[in-house]
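Residue numbers (this note's numbering), protein chains in the order written: chain W, 70 to 298; chain D, -3 to 251.
The set of hints was computed from the structure by calculation and includes no laboratory data.
Any given hint could be a false lead.
[Claimed, not checked] Below, a list of computed lysine to aspartate or glutamate pairs in the EDC-like style, where the Cα atoms sit at most 16 angstroms apart:
#1 W:K111 - D:D78
#2 W:K208 - D:E79
#3 D:K25 - D:D226
[Claimed, not checked] Only some residues are given here: those of chain W computed to face chain D with a beta carbon under 10 angstroms:
#4 R161
#5 G196
#6 Q197
#7 L204
#8 G205
#9 Q210
#10 M218
#11 Q219
#12 I292
#13 Y294
#14 Y295
#15 Q296
All figures in this text were calculated on a predicted structure; none of them were measured in a lab.
For glycine and all other residues, C-beta sits at the position ideal for the given N, C-alpha and C.
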Amino acid sequence: MDFWSIILDLSKGFGVTLKLFALTLVIAIPLGLVFAFLSMSKFKPLSYLMKAIIWVVRGTPLLLQCIIVTFIPSVLFSIPNKDVANFLNLDRIADLQFLFVLIAFSLNYACYFAVIFEGGIKSIPKGQQEAGQVLGLTKGQIFRRIVLMQVIRRIVAPMSNEIITLVKDTALARALGIMEVIMIAYEKVNKYVILTPLLYAGVFYLLFSGLLTILFHLLEKKISYYQVT
Amino acid sequence: MEEKFLEIRGLRKSFGSHEVLKGVDLSMKQGEILSIIGSSGSGKTTLLRCLNFLEFADAGSILLDGELLYDGEHMNVKKMSDEQFREKRLHFGLVFQSFNLFPQYTVLDNLMLAPKLLKRGTDAEIREHAEQLLERVGLADKKNAYPCELSGGQQQRVAIARALALDPQVLFFDEPTSALDPELTVEVLRVIKELKDFGRTMVIVTHEMEFAKNVSDRVIYMRDGVVEVDGTPEEVFEKSDNEHLRQFLNVGLSI
Chain W
70 MDFWSIILDL SKGFGVTLKL FALTLVIAIP LGLVFAFLSM SKFKPLSYLM KAIIWVVRGT
130 PLLLQCIIVT FIPSVLFSIP NKDVANFLNL DRIADLQFLF VLIAFSLNYA CYFAVIFEGG
190 IKSIPKGQQE AGQVLGLTKG QIFRRIVLMQ VIRRIVAPMS NEIITLVKDT ALARALGIME
250 VIMIAYEKVN KYVILTPLLY AGVFYLLFSG LLTILFHLLE KKISYYQVT
Chain D
-3 MEEKFLEIRG LRKSFGSHEV LKGVDLSMKQ GEILSIIGSS GSGKTTLLRC LNFLEFADAG
57 SILLDGELLY DGEHMNVKKM SDEQFREKRL HFGLVFQSFN LFPQYTVLDN LMLAPKLLKR
117 GTDAEIREHA EQLLERVGLA DKKNAYPCEL SGGQQQRVAI ARALALDPQV LFFDEPTSAL
177 DPELTVEVLR VIKELKDFGR TMVIVTHEME FAKNVSDRVI YMRDGVVEVD GTPEEVFEKS
237 DNEHLRQFLN VGLSI
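Here chain D stands alone, though its shape is the one from the complex (with noise of 0.2 angstroms):
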């Protein structure tokens, strides 16, 4: 079990006439940090969706801990209930890349108002537990803000902070510092790389390559709607011969 703890095989999935997936299949272990690098179009924000349940893949499998979460061909999704895809969405965690916080509520209330609706302990519990999240991301004294009076770095860690408020057994983050400057992307990272010291299993969907070479346990890189290359760091960003690669690995260094 601690070999595959994520399962993805033959995932597939279109819109329309248009294949975005066409048979992705990767494991992971747990702790392990998976980046996914690759260009736009290739993919990765809705393997990212599908494995949330945001979309529904046309194919494919998904199991989590040896549990079968997702099988295109055998569950009849469309019979399924909201319900259903609910619980199996508490498996996971997503930050977007649009940070999506509840612009309403106080960052405090943004952490604690699923962890109170799904009944995850007392209020006191639940707050506690809120609060030293946002200790661990740097904003406790942005408690009782509202998201409109955060920078975009630390709405993202905020962000960051809501989805562990569930403790998700995987946290996926689809182009978490897309939507920053360069000097807040830097705090947001910072974060990420904290929580490997967590043992949180997580999966980056990034075009950050420094980050991705020097934070993750592995790298995928997607093209055109499968994994083309899938290794360590090590092998992705130095010793692969793959010929896509190269070209997008090299396509930032030659301007």
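Chain W on its own, in the form it takes in the complex (with noise of 0.2 angstroms):
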């Protein structure tokens, strides 16, 4: 084996860590957005269930949910995995755990998305809203063009910090056989019985979080161009 067939291999792996890792923001985000105002509602069953959701998927750890929903379709309706992903279309059973994976993670990403959002909604002065109200504009407008552009401000190193560890939670779908990057490495320390390739798997990871704190260091900067009075 040579270097760089293994970095070859790794990174195909890593390929598959960037995949869960876009699919869970592009889905988690907007649905995180969906819980934060389901948990601001002025309807209280609807905002106390929303919020029991949020402690339950908060509380138990991300490697438990995404064994559990893999379980959903047979334990609780009988139906064998194997049907569930000729319904789907899915031409291998791994596809199907992939899609199991990605349904625990924006689950469980939009749950803590919604907190950060809810309380990015919050910190935004009543009056924001209100002057938007005496000018005549409706819900929808005050939040897109009024509070929204202030929360993200307000929002950014938060949801920094939980995109970096989302990076670095999706190492967990190995356990249900995705072959990520560091399943991808454990192969190759077995099969070649060293360890470099572990180590070549965390310098993925690093360089990959330090794009992302790179990126976001600069969308803060951009959005930073004026002062909150």
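Dock the two chains into a complex; use the hints.
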């Protein structure tokens, strides 16, 4: 084995890592916003239900949630995963596993994001909304044109924390057979009896989270053109 | 109609068991400037908030130019949509004590946001109007500045211009100078005074007694959720023998 073939295989694994990372974000950010609004709903039962869900999801390990999602069709509905895969037109059982992991990750991160969004929205002074109201704007206009931008500014730091954590959390997916970068690295370790592939995998994470850190820093700079008065 | 442009009858509002407004009656003519004075907790701010539908009065009615805008007894407020109140709010403008400018927008964009969203004209028309208003409040050179770059007095003048951009039939001021240093207070009061010359109907909740005396056509003194004294500045400041009012006015002098 040579160095470059290991790196090539690891990159393929990291591709899976990135896919899980990106899809989770794409789903969890809007879903988190929905969760935040449900949690702030004036209809109390709905608000309490959402808060209870967030409590359960944040209070249990993500790994456990991944496993539970995997067993929901077979245990709860007596549908074998094979049939679920057929129904969804997935060729490989691995694709189904990936879907399960993606669902668990998205729900989990949506709950964390919801808490951040809710805090961010509540931190905007009531006067901003009232100023929009007396100017005759609709609720939607007030949220999109006045509140949202200010919320984004306030949540960049906590969001960047969560998002960088997500990069590393994707390593959990290997417990469900997803061929992500650590899993590939492990295979190499076992096959060639060397430890370096795991270190290389670490470097992949490090470089990517470094890139994210820079991007968040740039974003923070870009939206900090005004001061909150 | 001329006699009673804005008319408020028996307005009541409670927060929990605490009744803040205990039946407020008042009316004003078009083009009139009405100052509301009174100590903290007398219900002045709550009254303005009810008139702008930021709070909903439990009872009483609000009429503007003969049109019934609000009736606490007969309108099912809880069933009315936000959209209905949104339309009603457009009759009025409100300048807040804490300015509440939108920090992420430039001064010009603060003025243009609502007219644009409400489609009050083409972008060019809206921009021209906004620039005229900034000129009028003496801030034409600050149109591209962000609120954080302005002094409190400048921010409040922008807030006034922003409220004027929608050309409200009545403009309310909720203690517009309370958050300002004395030297900045002057510039804001000057702007309000100038608006009077444009025939703008205004209601000003204020602690600036000299201003209330010199600029308003009428002054009302609120105490404990009701209008206790209502009259010309002369009647209120010089001639009234209402004991509470006398006490209220003398507090400032007795330091």
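Hint-by-hint comparison with the structure:
| no. | hint | verdict |
| --- | --- | --- |
| 1 | W:K111 - D:D78 | 15 angstroms, holds |
| 2 | W:K208 - D:E79 | 9 angstroms, holds |
| 3 | D:K25 - D:D226 | 14 angstroms, holds |
| 4 | R161 | 47 angstroms, violated |
| 5 | G196 | 4 angstroms, holds |
| 6 | Q197 | 6 angstroms, holds |
| 7 | L204 | 4 angstroms, holds |
| 8 | G205 | 4 angstroms, holds |
| 9 | Q210 | 5 angstroms, holds |
| 10 | M218 | 5 angstroms, holds |
| 11 | Q219 | 6 angstroms, holds |
| 12 | I292 | 8 angstroms, holds |
| 13 | Y294 | 7 angstroms, holds |
| 14 | Y295 | 5 angstroms, holds |
| 15 | Q296 | 4 angstroms, holds |
The structure does not agree with numbered hint 4 stated previously, though it agrees with all others.
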